[in-house]
Every structure is written in structure tokens, then in C-alpha cells.
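Protein sequences appear in the order of chains A and B. For the first sequence, the residue numbers in my numbering are 77 to 339. For the second sequence, the residue numbers in my numbering are 41 to 314.
Note that these hints are calculated values from the structure, not bench results. This structure is a prediction, so every number in the text was calculated from the model and none was measured. Fair warning: there could be bad hints in the mix.
[Claimed, not checked] Straight-line distance between alpha carbons at most 25 Å, and here's what the computed DSS-like set of lysine-lysine pairs gives: (1) A:K316 x A:K306; (2) A:K215 x B:K80; (3) B:K138 x B:K52; (4) B:K306 x A:K119; (5) B:K80 x B:K138; (6) B:K52 x B:K259; (7) A:K316 x A:K337; (8) A:K337 x A:K306; (9) B:K80 x A:K119; (10) B:K306 x B:K138; (11) A:K316 x A:K280; (12) B:K80 x A:K217.
[What the hints assert, rightly or not] FRET-style restraints, in silico, Cβ to Cβ: (13) A:H300 x B:L293: 28 to 36 Å; (14) B:V286 x A:G292: 24 to 32 Å; (15) B:L187 x A:P224: 48 to 56 Å; (16) A:A122 x B:L293: 51 to 59 Å; (17) B:V286 x A:E218: 37 to 45 Å; (18) A:P224 x B:T194: 50 to 58 Å; (19) B:I65 x A:A290: 28 to 36 Å; (20) A:R109 x B:Q66: 51 to 59 Å; (21) A:W125 x B:F145: 33 to 41 Å; (22) B:A240 x A:E218: 28 to 36 Å; (23) B:L293 x A:Q103: 36 to 44 Å; (24) B:L150 x A:G233: 37 to 45 Å; (25) B:S281 x A:W125: 42 to 50 Å.
[As the list claims (entries may be wrong)] From chain A, some residues computed to sit far from chain B (all C-beta separations above 12 Å): (26) F135; (27) V167; (28) I263; (29) K280.
Ideal Cβ placement from N, Cα and C applies to all residues, glycine included.
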Amino acid sequence: MNTLTASDRTSNQPASLGDPPAIQFDQVSVCYRVPRERVSGIKEFAIRWLQKRLEYETFWALQEVGFQVEKGETFGVIGRNGAGKSTLLKVIARVLVPIRGRVITRGRIAPLLELGAGFNYELTGRENIYLNGALLGYKRKEMDQLYPSIVDFSEIGAFIDAPMRTYSTGMIARLGFSVATCSRPGILLVDEVLSVGDTAFQEKCLDRMQSYRAQGTTIIFVSHNMDVVKWFCNRAIWLKTGHIRAAGETIGVVEQYLADKTV
Amino acid sequence: MDITREYYDSSKLPHPAIAEFFALIQYWDLVVQFVSRSIKTRYKRSVLGVFWTMLNPLMTMVVLTLVFSNVFRFPIQNYPVYILSGLTIWNFFSAASKQAMGEMFYSGGLLNRIYIPKSVFVVSAVATGMVNLGLSFVVLLGIALILGVQVNFTLLVLPISILIATLFTFGIGLVLATAAVYFSDIMPFYDVILMVWFYATPVFYPADIIPAQWAWVFKLNPMVYIVDIFRQPIFQGTIPSLHQWVIALAVSLVAFFIGWYLFTIKSNEYAYRI
């Protein structure tokens, strides 16, 4: 990362001002209902129900979170583990529907939550590209067109027809990133994925993200690496126990976050 | 790229039962992927694969035939065909409904990470079952011909019977998949139910041995009608009566709508349960 110079940041401006925001969060709250003691089966459920011992605790992962991300912005989300960062990404990715509040997104969303989540290790790399593409909502025809560039970017080479269980961790991560970013999305969700793969490939990933950003893709960037956040994002929010503690210019938000010693 | 994927407003979502339907159409290529994947893994060693699939119902047929035609002496001509046709449709129902539930378990990790219309898993399970049913049907027909059953044009109504059975299976699969969201021990629980249900359905015994005072129980069992409309054209060479069709279709439609409604309003909670 240190090889990147300050001049790279010049492209760090929203591509098109005046468009409606890419992401709008309006007083969004998400709540998980967690059984006090884990009830997992019918048998237990029936027993507890008869004993009237079914108790739930509600856990608010996000509480009245409101912010806007303009089109073409790179937006950082920082905070400790369990602060609600992943929940926030899931709400954007439509995995979770907010209990209260309203979310609006504009643009096709490419989730980068944990690379390789949808891979089947018995199938070949080629079959997995098609499977993963379908999981991300691509049509077969679209995948036929995108396939060569995916293989090319992933640097898998001749291994593409070997079962995926023979792949190294790095190869899996590379293929995952290649499929997830195979066509330029409107909104790209990045969750701590750049910690995998070797340095050369990490830079290649960053290059691709920068080129998408230059073409108007909005990027939501979740990371614990403050140097990358400071370098990559123009604005950021700091989440703590489901609340927004600070929002604005990245550098100021990161400083407040790092200064916070309370739990 | 589809326009509906571009704009999303969480406060303006249509009713889940409708939204899920359109999402399913959009993700149809994923269903195709899932089905071809499970067919491929099952029949990888082509001929042998088909053999193993057929071995279970065939052996069940042989055993039941030996036991019941010699020990209990059921007065049914072509008893093996009677059993095998019943087993074929029963196995389709039990395997597909079980798999619908199983897929929801195995895909839990995925559903927590990316948006996929969840009905894709149930549809894939039932569609895979239909492919397997098609293969078993070929074997069933072969055995029927070998054993000298007079097969005639009434076979032409079978696609309708299969569609009705599929609708019913899909509905039950959806209910089970919904239950899988809440209870992790639903699988063994359902195995027990399936066993009781199997014995309560005239698959290997003739329907008329049921004592009159218990007949009402059988009238409440939807699988009786589903098995009937599949078996009768093959085994007796007659077309089921309008009465039979209407009941089978009505039961299946009810199962389908209840299943679809329950599943679509409840399946969103899947991601909330960590």
C-alpha cells in the first residue's frame, strides 16, 4: 500500500454531482431477536412453550442510522467488531429488510461479502464461475460474455478445469473477486476482502476498484485498516453499538474513532 | 441488466408473495444451475447412477410382492406394477419435499451473505425430483410392459397427474422449508411423519381393504388422491373420474397457496437468525 502515492487520491471525487444519491438511509433500525437460551428444535420449543419459558432478547444491531452516499463516492464504514458494520452492508445488499426506517439504493449492487462464499469445491473453476454468477443474479448469456475476462483477471490459467478443492486459498479469493467484480456495478460493497491474496493481486483489486470508481461506481468500504480507509475513502461514518458516532471527512472520523477508548 | 435490480426502496416493496414470484423469474438461471448440478453429481457414472437410483424402489417392489402376494394374498392382478407405480409417485413426493427442506439448511450461510430469492432452493429441489421421476417412469413402463399390463392411450393424462403431484409436493416443500427456518430438528421429525404417512397411504395395499369405519381417515389423506390419479392410468388403463381430478387439484392448490404464502412472508426472517 505504501507504494501508492498521494496523486492517486486526485481521482477521489464523486464522478457526477447533481444525480440523486446512490444510497439513502433514513432512520434505519435493524433488530435481531435472540432467544435467551438457544432453542433450536421442535422438541425443545414444545417443552419451553409448555413451561412458558420462551424468552427472547432483542438486540438492536442498527439504531436510527441515517446517512447518504452520493453517486461515485467512496464511503468508509469503520467501527469495532459487533458495531453493526456487516449488518449495514447486509441492509444495502437486501439480505436484511430494515425493521424501521427506509433504505433507497440506486444502481446494481455487487456484494463482496466474504469471497468464495458460494463456491462448490467439488465442481471445477469453470462451473463455479457460472454458479457464482447465477448466485449474483447474472443470466447465463451474460456469463458467457463475461467468462473470458473473469478467467483472465483471476490468473487461474489451466487450473480452471480442475476441481476447486485443488485450489489454494489465494486462487479461491482471486476467482471470487474476479466473478464479483466481473462487470462494473453501480454500487460495490467491500467487506475486509483485501486481506486475502498476495500483494500483487491486492493491488490489482485496488486498481480495478479505482477504475470502476472513476467510471462512476459508488463504493462502500468496510475495513479495520485505517491507512487504507484514509487513503481510499473521501467520507466515512463511525459506527458504535449500532449508532453513528461520527460522520464526515474520513480523516476527522478516523481520528475520533482512534481516540475513543471507551467500550 | 434488469431495470428492477437498479432501484430499490425498502418502504415500497410489494407484498412478499408477489415480490418473490418476480424475483424467482429473474433468478431462473440459478434454478437451472442448481438442477443440472444435482443431476450431474447423481448420474455422474451414467448407467450405474441410474441403476442405483432404481435399485431401491425395485427391491422394495420385489420384497413387498413376495410378502404380500404369498403371505397376505392380496387379490390384485399385476401386483408388482401396482406397488411400483405407487412407489414411483410416493418416492417423488417424499424425496423432493425432504430435499426442499434440506437445501434451506445447507444454503443458510449463503442466504446470510447475499440476496437470493429463497424459493429458488425449493423450486430446484422439486424440479430435480421431476427429472428423477421421469427416469423412474421409463423403468416403470418397461416393467409394466414386461409383466403384460395392457398399457393404452390413457397414459396421455399422466403429465397432468404429474403436474398436480408436483404442485402438491411444492406446497408441502414450502411449508417444510419455512419450518426449517425455525427448527433445526425438523428433518428427523419429518422422517417419522413420512413413515406414518406412507403406511396410511394405499401404496402397497389395495384401498378396499380399509375397514369402513376408518374410511374417513383415508379421505382426509391428500396423498391418496395424488397416488390414485398417477396409478390408475398405468395400472388399470382407465382415466380417473372428474371427481378424483377435482379433489386432487383442489388439495394441491390449497397446499401450494398456503405454502407459498407462509414461505414468502416468513423466509425473510432467515437472515435475522444468526
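Evaluation of the provided hints:
no. : hint                        : result
1   : A:K316 x A:K306             : holds (19 Å)
2   : A:K215 x B:K80              : holds (20 Å)
3   : B:K138 x B:K52              : violated (35 Å)
4   : B:K306 x A:K119             : holds (21 Å)
5   : B:K80 x B:K138              : holds (19 Å)
6   : B:K52 x B:K259              : violated (44 Å)
7   : A:K316 x A:K337             : holds (12 Å)
8   : A:K337 x A:K306             : holds (20 Å)
9   : B:K80 x A:K119              : violated (37 Å)
10  : B:K306 x B:K138             : holds (19 Å)
11  : A:K316 x A:K280             : violated (32 Å)
12  : B:K80 x A:K217              : holds (21 Å)
13  : A:H300 x B:L293: 28 to 36 Å : violated (53 Å)
14  : B:V286 x A:G292: 24 to 32 Å : violated (58 Å)
15  : B:L187 x A:P224: 48 to 56 Å : holds (54 Å)
16  : A:A122 x B:L293: 51 to 59 Å : violated (31 Å)
17  : B:V286 x A:E218: 37 to 45 Å : holds (44 Å)
18  : A:P224 x B:T194: 50 to 58 Å : holds (52 Å)
19  : B:I65 x A:A290: 28 to 36 Å  : holds (35 Å)
20  : A:R109 x B:Q66: 51 to 59 Å  : violated (29 Å)
21  : A:W125 x B:F145: 33 to 41 Å : violated (23 Å)
22  : B:A240 x A:E218: 28 to 36 Å : violated (48 Å)
23  : B:L293 x A:Q103: 36 to 44 Å : holds (41 Å)
24  : B:L150 x A:G233: 37 to 45 Å : violated (27 Å)
25  : B:S281 x A:W125: 42 to 50 Å : holds (44 Å)
26  : F135                        : violated (9 Å)
27  : V167                        : violated (8 Å)
28  : I263                        : violated (10 Å)
29  : K280                        : holds (23 Å)
Hint check: violations occur at hints 3, 6, 9, 11, 13, 14, 16, 20, 21, 22, 24, 26, 27, 28; the rest are consistent with the structure.
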